[in-house]
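S.K.: Each chain, written out:
Number of protein chains: 2
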Amino acid sequence: MATKPGIPKGTRDFSPSEVAKRQYIMSAIKHHFETFGYQPIETPTFENSETLMGKYGEEGDRLIFKILNSGNFFFDKKKIELPASLEELLVNSSETITTEQLVELNKFTGRISEKALRYDLTVPFARYVVQHQNEIEFPFKRYQIQPVWRADRPQKGRFREFYQCDADVVGSTSLWQEVELVQLYDSVFTTLGLNGAVIKINNRKVLSGIAEVIGAKDRLIDFTVALDKLDKIGEDGVKKEMLEKGITADAIEKVQPLFNFTGTINEKLDKLAELLASSEEGLKGVEELRFICENVIEIGLGKSELDLDVTLARGLNYYTGAIFEVTAPKEVAMGSIGGGGRYDDLTGIFGLKNMSGVGISFGLDRIYLVLEELGLFPATVTEATRALFINFGNKEALYAMKAVNKLRQTGIKVEMYPDAAKIGKQFQHADKRGIPFAVLAGDAEMEAGRFTLKNLSTGTQENISIEELAEKIK
Amino acid sequence: MATKPGIPKGTRDFSPSEVAKRQYIMSAIKHHFETFGYQPIETPTFENSETLMGKYGEEGDRLIFKILNSGNFFFDKKKIELPASLEELLVNSSETITTEQLVELNKFTGRISEKALRYDLTVPFARYVVQHQNEIEFPFKRYQIQPVWRADRPQKGRFREFYQCDADVVGSTSLWQEVELVQLYDSVFTTLGLNGAVIKINNRKVLSGIAEVIGAKDRLIDFTVALDKLDKIGEDGVKKEMLEKGITADAIEKVQPLFNFTGTINEKLDKLAELLASSEEGLKGVEELRFICENVIEIGLGKSELDLDVTLARGLNYYTGAIFEVTAPKEVAMGSIGGGGRYDDLTGIFGLKNMSGVGISFGLDRIYLVLEELGLFPATVTEATRALFINFGNKEALYAMKAVNKLRQTGIKVEMYPDAAKIGKQFQHADKRGIPFAVLAGDAEMEAGRFTLKNLSTGTQENISIEELAEKIK
Numbered sequence: 001m002a003t004k005p006g007i008p009k010g011t012r013d014f015s016p017s018e019v020a021k022r023q024y025i026m027s028a029i030k031h032h033f034e035t036f037g038y039q040p041i042e043t044p045t046f047e048n049s050e051t052l053m054g055k056y057g058e059e060g061d062r063l064i065f066k067i068l069n070s071g072n073f074f075f076d077k078k079k080i081e082l083p084a085s086l087e088e089l090l091v092n093s094s095e096t097i098t099t100e101q102l103v104e105l106n107k108f109t110g111r112i113s114e115k116a117l118r119y120d121l122t123v124p125f126a127r128y129v130v131q132h133q134n135e136i137e138f139p140f141k142r143y144q145i146q147p148v149w150r151a152d153r154p155q156k157g158r159f160r161e162f163y164q165c166d167a168d169v170v171g172s173t174s175l176w177q178e179v180e181l182v183q184l185y186d187s188v189f190t191t192l193g194l195n196g197a198v199i200k201i202n203n204r205k206v207l208s209g210i211a212e213v214i215g216a217k218d219r220l221i222d223f224t225v226a227l228d229k230l231d232k233i234g235e236d237g238v239k240k241e242m243l244e245k246g247i248t249a250d251a252i253e254k255v256q257p258l259f260n261f262t263g264t265i266n267e268k269l270d271k272l273a274e275l276l277a278s279s280e281e282g283l284k285g286v287e288e289l290r291f292i293c294e295n296v297i298e299i300g301l302g303k304s305e306l307d308l309d310v311t312l313a314r315g316l317n318y319y320t321g322a323i324f325e326v327t328a329p330k331e332v333a334m335g336s337i338g339g340g341g342r343y344d345d346l347t348g349i350f351g352l353k354n355m356s357g358v359g360i361s362f363g364l365d366r367i368y369l370v371l372e373e374l375g376l377f378p379a380t381v382t383e384a385t386r387a388l389f390i391n392f393g394n395k396e397a398l399y400a401m402k403a404v405n406k407l408r409q410t411g412i413k414v415e416m417y418p419d420a421a422k423i424g425k426q427f428q429h430a431d432k433r434g435i436p437f438a439v440l441a442g443d444a445e446m447e448a449g450r451f452t453l454k455n456l457s458t459g460t461q462e463n464i465s466i467e468e469l470a471e472k473i474k
Numbered sequence: 001m002a003t004k005p006g007i008p009k010g011t012r013d014f015s016p017s018e019v020a021k022r023q024y025i026m027s028a029i030k031h032h033f034e035t036f037g038y039q040p041i042e043t044p045t046f047e048n049s050e051t052l053m054g055k056y057g058e059e060g061d062r063l064i065f066k067i068l069n070s071g072n073f074f075f076d077k078k079k080i081e082l083p084a085s086l087e088e089l090l091v092n093s094s095e096t097i098t099t100e101q102l103v104e105l106n107k108f109t110g111r112i113s114e115k116a117l118r119y120d121l122t123v124p125f126a127r128y129v130v131q132h133q134n135e136i137e138f139p140f141k142r143y144q145i146q147p148v149w150r151a152d153r154p155q156k157g158r159f160r161e162f163y164q165c166d167a168d169v170v171g172s173t174s175l176w177q178e179v180e181l182v183q184l185y186d187s188v189f190t191t192l193g194l195n196g197a198v199i200k201i202n203n204r205k206v207l208s209g210i211a212e213v214i215g216a217k218d219r220l221i222d223f224t225v226a227l228d229k230l231d232k233i234g235e236d237g238v239k240k241e242m243l244e245k246g247i248t249a250d251a252i253e254k255v256q257p258l259f260n261f262t263g264t265i266n267e268k269l270d271k272l273a274e275l276l277a278s279s280e281e282g283l284k285g286v287e288e289l290r291f292i293c294e295n296v297i298e299i300g301l302g303k304s305e306l307d308l309d310v311t312l313a314r315g316l317n318y319y320t321g322a323i324f325e326v327t328a329p330k331e332v333a334m335g336s337i338g339g340g341g342r343y344d345d346l347t348g349i350f351g352l353k354n355m356s357g358v359g360i361s362f363g364l365d366r367i368y369l370v371l372e373e374l375g376l377f378p379a380t381v382t383e384a385t386r387a388l389f390i391n392f393g394n395k396e397a398l399y400a401m402k403a404v405n406k407l408r409q410t411g412i413k414v415e416m417y418p419d420a421a422k423i424g425k426q427f428q429h430a431d432k433r434g435i436p437f438a439v440l441a442g443d444a445e446m447e448a449g450r451f452t453l454k455n456l457s458t459g460t461q462e463n464i465s466i467e468e469l470a471e472k473i474k
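Taken in sequence, the protein lines are chains R and F.
Under the numbering used here, think of the first position of the first sequence as 1, with each following residue one higher.
Under the numbering used here, think of the first position of the second sequence as 1, with each following residue one higher.
Next up, chain R with everything else stripped away, as it sits in the complex (with noise of 0.2 Å):
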């Protein structure tokens, strides 16, 4: 026998119970995207190279999959000669590579491949909406549930091929919309029982005006990662760590507050309105982050927290306004399970001036761990059959078949065993399926008109006409 074939490392199979669960999930978020009036847009698997290639930074290029052009290609001798400045990095097998280089190397590959993976929603939406500008009617609300792909290293967690879930709006620069997406964040969570998401949000402006403050604007992200570290290490260890990376002791004066920032949002705000009461821009973020935290307040959640995160800082180049980012409930260690912001100018990179976008995005791996971790499936979610019509021979078979055939009609879940195997093994095989029922129907029950149902966890029988059946298994 040949060995056991498998799948490429980082992808994977996923089993009945699995893609169950994933589609439960997946439903609740649509749910909410449509309830709360995002559209459902699909764009291809693949792009045109030159759509993605250059929008992630030079390792985002690196991790684009790249698909070989079909066809014969490789007739043609121009399209798979090797550049000459190119051979000496074959000759030499070293993995340094000029600047030069990496820009032939790009050509080269391009030459053989001009097509690529998805790897992201944003990018092929910002595409989508350049493309399609005269049919959408703005603000354009949309969302996207999709695959994207990624040549990262894979390890726990972290997969080739996984799902994004993403809504974003298009084409309003309102602050509502901020606001009705912690409420779309907290609706999902909510519905499936999720308790004590905590959705942090922070603000581009504010981060731009600490970091005027400490008259260090190259050193925020040194400065941001040192904070966040405060619950580890402590006041001492995060200064140590700030004077290292050559921020002055003068500046972290400056922002002493920081390192007790805590109390309600409001009592944030202040702090954060008196410390950058020197940076106009930073007191805008204040600003924005005061009308989206008070309103939230105001309208109130579900089962979600809402916090005010100075240290986030997640994609710093690309939002421009507000931040979010999600954490699991404090009792599973799993992080961050979704996060989004603001971007003016989404579409500038395809020609489209003057959109700005704000948008979401849910991490579902992550969230069916957390919701697995903590017993949050209901049992409902992997039930499939209900009741499995025994096989006695062709003639009962009928018989169970129309019964079968009815009971489906009316959307119930229910199968005939196919084979007239011996019965031991036909209640096996409910047994391994967690089917609940089997139902009999032999001579006696055909010339009656009716079924005997037995409860395969009970071991109770009853005979019964088929529309008491339907009431039983349904």
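The reader is advised that the hints may include incorrect statements.
Same chains, same label: a pair holds when it works inside one copy or across any pair of copies.
As the list claims (entries may be wrong) - Straight-line Cα separation of at most 30 Å, DSBU-like style, residue types lysine-lysine; simulated pairs:
| hint | residue 1 | residue 2 |
| --- | --- | --- |
| 1 | 395 | 254 |
| 2 | 30 | 474 |
| 3 | 353 | 425 |
| 4 | 245 | 406 |
| 5 | 200 | 156 |
| 6 | 413 | 472 |
| 7 | 395 | 271 |
| 8 | 240 | 422 |
| 9 | 21 | 413 |
| 10 | 284 | 395 |
| 11 | 200 | 395 |
| 12 | 254 | 472 |
| 13 | 156 | 239 |
| 14 | 413 | 30 |
| 15 | 200 | 402 |
| 16 | 284 | 9 |
| 17 | 9 | 55 |
| 18 | 232 | 217 |
| 19 | 395 | 472 |
| 20 | 21 | 406 |
| 21 | 402 | 240 |
| 22 | 4 | 474 |
| 23 | 9 | 422 |
| 24 | 432 | 4 |
| 25 | 21 | 156 |
| 26 | 353 | 229 |
| 27 | 474 | 395 |
| 28 | 303 | 353 |
| 29 | 472 | 229 |
What the hints contain is simulated information worked out from the structure, not anything from laboratory work.
Given the coordinates of chain R, assemble chain F onto it according to the supplied hints.
M.R.: Same frame as chain R, now just chain F:
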């Protein structure tokens, strides 16, 4: 402004209304797959090339999209150096290629590409069954709704990326599965409101029997292709074509009844039994067809028709028993909207012997076109948001958003216009989006805790409470 971005040829963007219609069809298919006891699985978008290559014939291999190895494949000279035997191809840009060169070429492609996009759902399913055989309880009824990719020349109705919707059972040779698959087709089409889809059935063994009788096994495809033209070119035309293809007049004479192959299914079966009396395999095929048809008729169908079509020969080398094909109702010139059949030894290619499988596939794109042409999509399918709350400024907006939040919690799709734009612009937005109601709330309404509901098609207005509002717009 830059030129508008585009997408690769043969791929599609789906707009909100297109996604909604596609989801409507997929939901119906999924619903019946599940009531029939089929369980969902999902497999990765790309498989190891060795899993796919060589499974679809030489033409298929050429149409498989290959993914360029990620990382530094280009740093290893051995991996991209072209074999000497291929140099010739490059110099002489001919499109003919020797078998030896093809082997070398495939090896070369294999060095720069080790993964490939899914070409259908059947081979990945076979791979899945073999890989997970110890976790699977047989007979295993699985369904799979996922896209596949083919580097075909794009043309009207033929895409490079399209969905397949497959249901297969593996691990039982019972003909009740075939009976059930006919019912499954019928259930889906009946739910979709399709009147008169024709579920055609044939059997590979009947075709073998005919080949035996005409004494020309190698002419079987020519024979069925010619016979299929009976409606168009008449009996004389068909016979002329058969003679041209090298089928003897004597052979044609032997199967004369096939030229007048009308009547009920039972009459057709009787004719076939007589015709194939000398072929053991042929008679076995007739017996199988009789079992399936008799039971399907006895249990009854909804809006579809069952027909026995001896010219049906799709995937001749693939199927070993029943062959299915569904054609759209006569008033639509669409051809096949689904197909399938039984294939013994489904998993043999991956080393697991004696696994018989039978399955069917739904052609999503064509079903979409049929429903569109016949006007069978319910108007509610593309209906999204029910009411737009008008934004008069932040104070009014907060009042509105509290109501919006309450309505959404009951599942009603409502939105507030994000900006306090001119009211005319907001009404225009509702109009362009096809939103049937507008809700207005200014000082008077806020004081009274009420809302003004405006029906945008009739123009009538009424002052109502939130409970009445929910009732009116839901």
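S.K.: Given a CA cutoff of 30 Å, do residue 245 and residue 406 count as a within-copy pair, a between-copy pair, both, or neither?
M.R.: neither (73 Å within a copy, 49 Å between copies)
S.K.: Pop the pair residue 284 and residue 395 into one bin, within, between, both or neither, using alpha-carbon distances up to 30 Å.
M.R.: between (79 Å within a copy, 20 Å between copies)
S.K.: Is it within a copy, between copies, both, or neither that the alpha carbon of residue 200 lies no farther than 30 Å from that of residue 402?
M.R.: For residue 200 and residue 402, the Cα distance is within 30 Å only across copies (22 Å; inside one copy 56 Å).
S.K.: Could you figure out if residue 21 and residue 406 sit no more than 30 Å apart (CA to CA) within one copy, between two copies, both or neither?
M.R.: both (28 Å within a copy, 28 Å between copies)
S.K.: With identical chains treated as interchangeable, where does the CA-CA distance between residue 156 and residue 239 reach 30 Å or less: within a copy, between copies, both, or neither?
M.R.: neither (33 Å within a copy, 65 Å between copies)
S.K.: As a check of your reading, is residue 254 near residue 472 (CA-CA no more than 30 Å) within one copy, between copies, both or neither?
M.R.: neither (71 Å within a copy, 57 Å between copies)
S.K.: Is it within, between, both, or neither for residue 413 and residue 472, if the alpha carbons may be no more than 30 Å apart?
M.R.: within (13 Å within a copy, 35 Å between copies)
S.K.: Please work out whether the CA atoms of residue 353 and residue 229 approach to 30 Å or closer within one copy, between two copies, in both situations, or in neither?
M.R.: neither (38 Å within a copy, 58 Å between copies)
S.K.: Using 30 Å as the alpha carbon limit, work out where residue 4 and residue 474 are close: within a copy, between copies, both or neither.
M.R.: Answer is neither; intra-copy 40 Å and inter-copy 54 Å both fail.
S.K.: At most 30 Å between alpha carbons: which applies to residue 200 and residue 395, within, between, both or neither?
M.R.: between (64 Å within a copy, 25 Å between copies)
S.K.: My question is about residue 472 and residue 229: at a cut-off of 30 Å on alpha-carbon distance, are they close within one copy, between copies, both, or neither?
M.R.: neither (57 Å within a copy, 53 Å between copies)
S.K.: Within, between, both or neither: how does the pair residue 413, residue 30 come out at a Cα-Cα threshold of 30 Å?
M.R.: both (24 Å within a copy, 12 Å between copies)
In this structure, the hints that do not hold are numbers 1, 4, 8, 12, 13, 16, 21, 22, 23, 26, 28 and 29, in rising order.
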